[in-house]
Structures are given as structure tokens and as C-alpha cells.
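Asks: If you want the building blocks of each chain, they are given just below.
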Amino acid sequence: MDDKPISVVDTNVLLNLATPVVDGRPAAPTGADPLKALLSSYHVHVPTSVIGELSAATGSDDLLSAAADLVLKASHHLTTHDVEAKIDEPLDYGLDQGESDGIWLANTLDAPLFITDEFNSTNYLFVSLALDDRNTLFTTPHVLCKLASHEVLPSEYVDAALSYYVDSKGWDEQYLNQLRHKYLRD
Amino acid sequence: MAEEKTRVDFNAPASIVERADNAAELLDISRTQLLIDALQDELDGLADDDGFRSRLRDAYYDERVDFQTVKSVLGQEEAMRMKLLRASIDREPPEPQLKAELPTDEEFYDGEVPVWRSDEAGDGDDAESTA
Chain A
617 MDDKPISVVD
627 TNVLLNLATP
637 VVDGRPAAPT
647 GADPLKALLS
657 SYHVHVPTSV
667 IGELSAATGS
677 DDLLSAAADL
687 VLKASHHLTT
697 HDVEAKIDEP
707 LDYGLDQGES
717 DGIWLANTLD
727 APLFITDEFN
737 STNYLFVSLA
747 LDDRNTLFTT
757 PHVLCKLASH
767 EVLPSEYVDA
777 ALSYYVDSKG
787 WDEQYLNQLR
797 HKYLRD
Chain B
821 MAEEKTRVDF
831 NAPASIVERA
841 DNAAELLDIS
851 RTQLLIDALQ
861 DELDGLADDD
871 GFRSRLRDAY
881 YDERVDFQTV
891 KSVLGQEEAM
901 RMKLLRASID
911 REPPEPQLKA
921 ELPTDEEFYD
931 GEVPVWRSDE
941 AGDGDDAEST
951 A
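From first to last, the protein sequence lines stand for chains A and B. Take the first sequence: its position 186, counted from the start at 1, is 802 in my numbering, and no numbers get skipped. Take the second sequence: its position 112, counted from the start at 1, is 932 in my numbering, and no numbers get skipped.
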């Protein structure tokens, strides 16, 4: 058993990490693989429902489908948990089932890291409330910056990837700039 | 609601004051009321303006404006979201543990990495790659 920290992630995090890897357009960053970096540096645990959500996203000829294909090709690096069979009372914070399952799993595993990309909306408040320890809550861009500071990913790649997410997903640019300032530019 | 009032003096171009007075007279309201209404409209509009919201986020994350200011402009939930997000920047995610180099694509994935290209892009000149 190695000492990789346990991380719980939701479906969107995996899809967002895979997207720049499969995106062949010129605007996409190249030269590194954030999905591989995360799954190689942490023990990533997910509710079984994530696999179903990924499968549901495949089958069309679009970027999301290609990203879901890639995550499924790496799914043997994920540790899955049948959460639904174990939850007595579902969390009721207005979050969707997948997110609620993930938070339940993070609480149950006492995971030191729960990653969400729900930080652009007030859902972030609910995720924070639902976690037993809100200090374990981080976002994909924050973790990417952390991976860059440990040289698991090149800083230039993460810098370009943050811009890519701002353009393609409308992520809070001012927040990402704060992360850049802290991790990527001394 | 009888909120406390602050007296404000300011100089403005005579022509715009004249226009304001004419409008106030037609509306049968005081000049002061017209100015208050105009300020209120302007501030409400800014709260919905993306450029202004960006500036406000920047200022809050940089600690140049406080929580109450953000809350008064963007509302309680958005201000709380930003407060939690700002606090999270100072925390550190657990240290990533990577003993060796990252594995190759062949080792890591079951097969090749799919590459997606949009159909409308007619410049498909970059070489097919699995990087």
C-alpha cells in the first residue's frame, strides 16, 4: 500500500480533466495529461454511479463523448463504491444524485480531498455545507496548480489549461487568476 | 422604510442639471428624487454587468473590498460563494504522491487516446497524435 492521499471526485471533474486531452482543436493546451496526472498522484474514489454517468455521455460524435470515452479507458484506475446500497438517508441540499453520492462517499471515507467544479454557482455553498469537513473541498483548477507546483504537470501547461477552461467553460477568471498568482508565478 | 440619509453636494454641468430639472418637473417629482432614482437604476444595472462583476470579484479576492460590499451588490448567496472560494485559496490540497515518471499512454489507458476534432474546422492540417 502506498501513501497516495484519497481523493473523491465527481463525474464533471473527470470529464473536465479529460476534455483538453482529447480536444484536437488548436485552442486546446497540448503536451501533458491532467487526467493521467491526477489518477497517478492520488487514490481516486468515486461512487459507482459515476461510471453510469460516463457511459451515458458516450456514443455521440462530440467533445464530451470523446472525453467520456477517455475517462472510461482509464476507469481501472478508479476505485468505485456502491454508495446507493449503503446510504440510509440521502443528503438533501438540492444537489443532484451524483454529487450527493460523492459527498457521502467523501464523508464516509474521511477523504482529505473532495474535488468539485461546482464553484461557479451557489451549488458551491451546498457542497461546502454537506461536507463534514469543508477544508477538504478543492476545485479542479486548484488541484491542477498543486500538481504544477509539484512538477507533476508543467506550469506552462496548467497556465494554458486555466485559460482554456475560462474560454470554454466560463470559469470564474478572477478566482483562477488568484490561483495562478499563488502557484504559477512567484 | 425610514433609512438614515446622508447629504451629498456635487458640481455637475449646468446643462445636465437643467435637463434633470425639466424631467423632474414633468414627472412631478423633486430633483433629489430623480437623482436617487437614477443612482438606484445605475447601481442595479452594474450588479448585472459582467465587466463590473469581474472587477468586484477581483477587488474582493485581492481584499480591496469587504464582504458587506459584495453582499450589498451581488446578494447574500453569491457573496458567500466568493467568501468560501477566497478562503479555499489559502488552503493546500493534500500533497500529490508520484514515485516515478507518469506512465505512458499505452500503460495507462486501455488503448489509444481518442482525439476529437470539430467538423467545421477545415484546417485539419495537424498530424494525428496520441499525445
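Since the hints were derived computationally from the structure, they do not count as laboratory data. Virtual Cβ for every residue (Gly too), placed ideally from N, Cα, C. Careful: at least some of the hints might be erroneous.
[Claimed, not checked] Below, computed lysine-lysine pairings styled on DSBU-like, alpha-carbon distance capped at 35 Å:
1. A:Lys-620 / A:Lys-785
2. A:Lys-620 / B:Lys-891
3. A:Lys-785 / A:Lys-798
4. A:Lys-798 / B:Lys-919
5. B:Lys-919 / A:Lys-785
6. B:Lys-891 / A:Lys-798
[Unchecked claim] Footprint (simulated), chain A over chain B, 3 or more residues, beta carbon under 8 Å:
7. 858-866
8. 872-879
9. 901-913
[What the hints assert, rightly or not] Cβ-to-Cβ under 8 Å is the rule here; a few derived chain B residues that face chain A:
10. Thr-852
11. Gln-853
12. Pro-916
13. Leu-918
Asks: Any hints this thing doesn't respect? Which numbers, in order?
Replies: 2, 7, 10, 11
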